[in-house]
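*Asks:* Hints in hand, dock the two standalone chains.
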Amino acid sequence: MISSTIGIWNYWIVFCLMMIGLFLVIGRKNFLKKIVGLTIFQTSVFLLYITFGKIKGGTPPILNTSIDTIYSNPLPHVLILTAIVVGVATTALGLSLVLRINSEYGSIEEDDISAQDLVDYHDEIETGKSIDLKFKQ
Amino acid sequence: MMDILIKNLPILVVLCPLMTSLLVVLIPNTFFSWGLTTLSTFLTFLFSILLYKEIQIHAYISYAIGKWIPPVGIEYIIDKVAIIPVIIISGISFIATIYAYKMIPEEIEKKSISKVYSLWLLAIAGLIGLVTTGDAFNLFVFLEISSLASVALVAMGAQKDKQALVAAYNYLIIGAVGATLYVIGVGLLYGITGTLNMTDLTNRITDLNNNKALIAGFGFMIIGIMVKAAVFPLHIWLPRAYAYAPSAVSVLLAATATKASLYILARILFSIFENSENLINNTLLFVILPLSIIAMFAGTIMAIYEKDIKRLLAHSSVAQIGYIALAFSIGTKASIAAGFIHMFNHAIIKAGLFIAITSIGFYIKKRVTINNLSGLGRALPVTFFCFVLCSLSLAGLPLTAGFISKLYLIKASISSDGIWIAILILISSALSVVYLWKMIEVLWMRAPKKIVIKENPKIYLSLIIITFLNIYFGLDASLVVNGSFEAAEKLIGNLK
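Protein chains in written order, with this note's numbering: chain A, 23 to 159; chain B, 2 to 497.
No wet-lab data here; the hints were simulated from the structure.
Where hints are given, some of them may not hold.
The calculated PhoX-like cross-link candidates involving lysine-lysine, where the alpha carbons are at most 25 Å apart (straight line), are [to be verified]:
#1 LYS213(B) with LYS308(B)
#2 LYS78(A) with LYS213(B)
#3 LYS111(B) with LYS367(B)
#4 LYS366(B) with LYS450(B)
#5 LYS76(A) with LYS308(B)
#6 LYS491(B) with LYS8(B)
Just so it is clear, the structure is predicted and the values come from calculations on it, not from any experiment.
Looking at chain B on its own, in the form it has when it is part of the complex (with noise of 0.2 Å):
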């Protein structure tokens, strides 16, 4: 039995969010459709955690779908480096499904409660499968179930305010062109190699160096990839999207969808394109190097002169996904490992502040801009205390995780030549304590509100498990670390 459940793992952390998605609709009862959310987000981030136990045994897990051989058939693929993704979306939307408890129901009518875990299962389900699947075209699939899950999410938040839609409609109109450019791109890739499969396609592209259809291909999937990951110029329809959809999906989104990009974006860079160095060495030193500083200043920007509180945290997401890629255009072990820290600190930050954030809008029940925060952080304790801290890990201050990710990220920049990069990652954090001690002060430092609100451990419950991840992470990183050296070191490999 035992056995069974281990050898089918890497198909069954796709499998239980996408076959409970179906359940879920069947049977509208509020309650029993978040019962079956939970336990099924529970569930695969069990599976998760038994997958990073066998990864640390097998270091490479190929899961043959059907069992039809791999180059022919669709091949899922779990190593050292998929893990991480897996581990954080999991991780995360288990968190988010326990916050949704008090919040969906706040925000959604009754009768299409249901309908919105089935999307949310369908969500998290694509965003793993994007991250596991080992087949270039599987992966479009994946692409495509998630962000279509994920617009039908933001959309929802249309019952609070109108904007929703345009933001939804946005989201929905530049993802679609953004997987079609990867599809152009997968086209012309199996044009010229003749597979699909990512491992093949590796070993087939090695001796067509200087092909112009391949080249062409590269840029289309890169750019492709990047729309979905919101680097810089590409970022345009994150903020909407992050702002006006409906609480709990604004922290389950800002926390997982852009990762799982990311991460397919290191992995078309440093694994299925591995063998034509002088196209990536061009590609990260000429697009993505300077794409990703911009893309702090701005993000970073954007954040301080923004007075919605959520869209600024989503300018603030643009910016943290500009460090992310900035250590994977480094391009060496250090600074890749650096990128995959980041990337599972950010994730819990964000969500931390995300849940700070939109359980104050609740408390309050209005949109949170900078006005309407003013002297809540007395009648707040618990929220208040958890979004400080949280603060402070997005800054970069020492005993919290964005300090480990932050440390390891200059460490590796000065380490490969950069001093000039730590220096800008240094100017840029700095700045965002500005938008960071603006929210703070105006919350703890203004009159405090004659109001009297009680706050509901529901509520905070997850917020706290948050924060406490953060605090833990920041004190003994040892596992984060371990795990993305190791992981940069299978990505990499022979080559540096």
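Just chain A, same shape as in the assembly (with noise of 0.2 Å):
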């Protein structure tokens, strides 16, 4: 039982990230931490893939001349160069948002940014007094 609770501690670093990571986008209001928590989140399955491909007493996947070599799974490392690459791009945009959001509102904390937007559409919707759009011309 405990052997083999403790063989598969790939697995529970992965499961504590996972949580950690998507705590930190639940539970978190600043706009910089829930990045930060999506991050860890798909770090850990990145981790989960690199684990999948692990076989026992398995070498890195470069062709030796030796026949009876055993040789790890190469797939899910691929796979997950490119799931990298995605996740650079996501944390690239949200961090490129943030950095916007703060421009325009003066804060990245999710209150104060809700309390602003609430404030303008009560003013234009409950009052029937509209903002004129930045439209052209």
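*Replies:* Here it is in structure tokens:
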């Protein structure tokens, strides 16, 4: 029992990271911290895939001369290479949005921002006084 | 020449927008980038029509990328099911591009226009790739291409209204979590089956019934896709993203983005997991059926109380997605066909409504709220007329496309002993008349405004095309209905 629990400790790490990341995304009100959480969440999935690829006693999958070499499965690594690129793009887009939000609202706290939005919404819709949008012409 | 073209069609529908999206940025000229985008979306539409013709002959086309034989290499599959979302996406994106001619230069500063068109094409390429690919991991890549491009497009609305930034941010975070959940699911499936090819997955899942990793993987995949498809409790990102996006982007996303994900949902449920019948039946009955019924009512009621019209339409989209998911969850051949019919019809209805509302927003230069609409009906006759026709189509009046989908949906639910489902659908449709009438009443019955607005043919051209389609497919629905029934038969095949 204990040996089998410890034997899959990779999965425990994946599990912990996943929950930490998801908690940060859901529980934090700061937009930057949410992105940190998202990155941790995605990283845990990368680890999960890499763990699948490991074969006991396997070497890195680089062809060598001896016939009885056991290779680790390279496919998950390749998939994760793609997923890392996607993750980088997501993080970059998220951070640039946070920058823009900060310059427009002067804050990246969800509460401040939704309070400002609510004031705008109330002004515009409940009182019937409409704010002109920044259309050209 | 023609032979090579036909042989490579499955990849061309993806490559055409993908490659032009790179070309468009090179020459930052407003008219040039619009022209190239129109050409590209038109070619994509043409290719998908040719594919439709091919499908009528061959019924199943498998395309091996780079000549790597399918279970090893990546495979693109076009069959009678996949062709429906391909035609929806390419057709609507062509019409939305015509609409974008006037709207994008209005709302976006000159130096970023060509970049917007680039993102526009990237989003289209992502969505088409999503439905054509036959590889579970490749699907994730396309999912992220389309959603990152649409997030950036939504954020471009910030030049008009800063709330677009927060909307885009929420869309990004929720979408990324959804996509990551999907990847976890794929990983678990890969761990137990050792393949990523969908056809291969279907075959290998057969002897793995009641495997816990299989059930967990299935759950992760379904939840991830449901986030992207905005099925009820996971729809939170949708109303804001559609409301604050630039006008043309709202039209494109509202009509196509969720449809592609709904198709993936259907494919996971009825194609990849077709051999684990217990799992699927339980999921349909205890997860998707209740959620979609709640979606039908929650979306409609939110729409009734909403005062910002673009948000109202977005809430109504949540309800309509509920109808489609409901049709899938009944799980008979007739109901799945009804789901595809509604998928097609809802795309043309929502595109029409969004074009009408956003062009009213353009004419009055204000955010379209219920107060701003009063008395505009007489000032904007063409827009108003098309808006009313599309609204009637959404409500499901006879002679419009909406009627056909409601008819088949109700027929399917009655024939599967779900008379109470049919009654709920009717109640929800009746409720949807409330919010549609609210808009029409304000537009037409209030005292006319004294302002003179000249309607621009460049703007209402696309609206007229969409409205014509709404009426045409209401009068002669044989094309959509036959296609959908063939798709449903292909999807659940010999099961039921």
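*Asks:* If a hint holds in the structure, say so; if it does not, say that too.
*Replies:* Structure-based check of each hint:
no. : hint                     : verdict
1   : LYS213(B) with LYS308(B) : violated, 47 Å
2   : LYS78(A) with LYS213(B)  : holds, 23 Å
3   : LYS111(B) with LYS367(B) : holds, 21 Å
4   : LYS366(B) with LYS450(B) : holds, 15 Å
5   : LYS76(A) with LYS308(B)  : violated, 56 Å
6   : LYS491(B) with LYS8(B)   : holds, 22 Å
Checked against the numbered hints above, the structure breaks hints 1, 5 and satisfies the rest.
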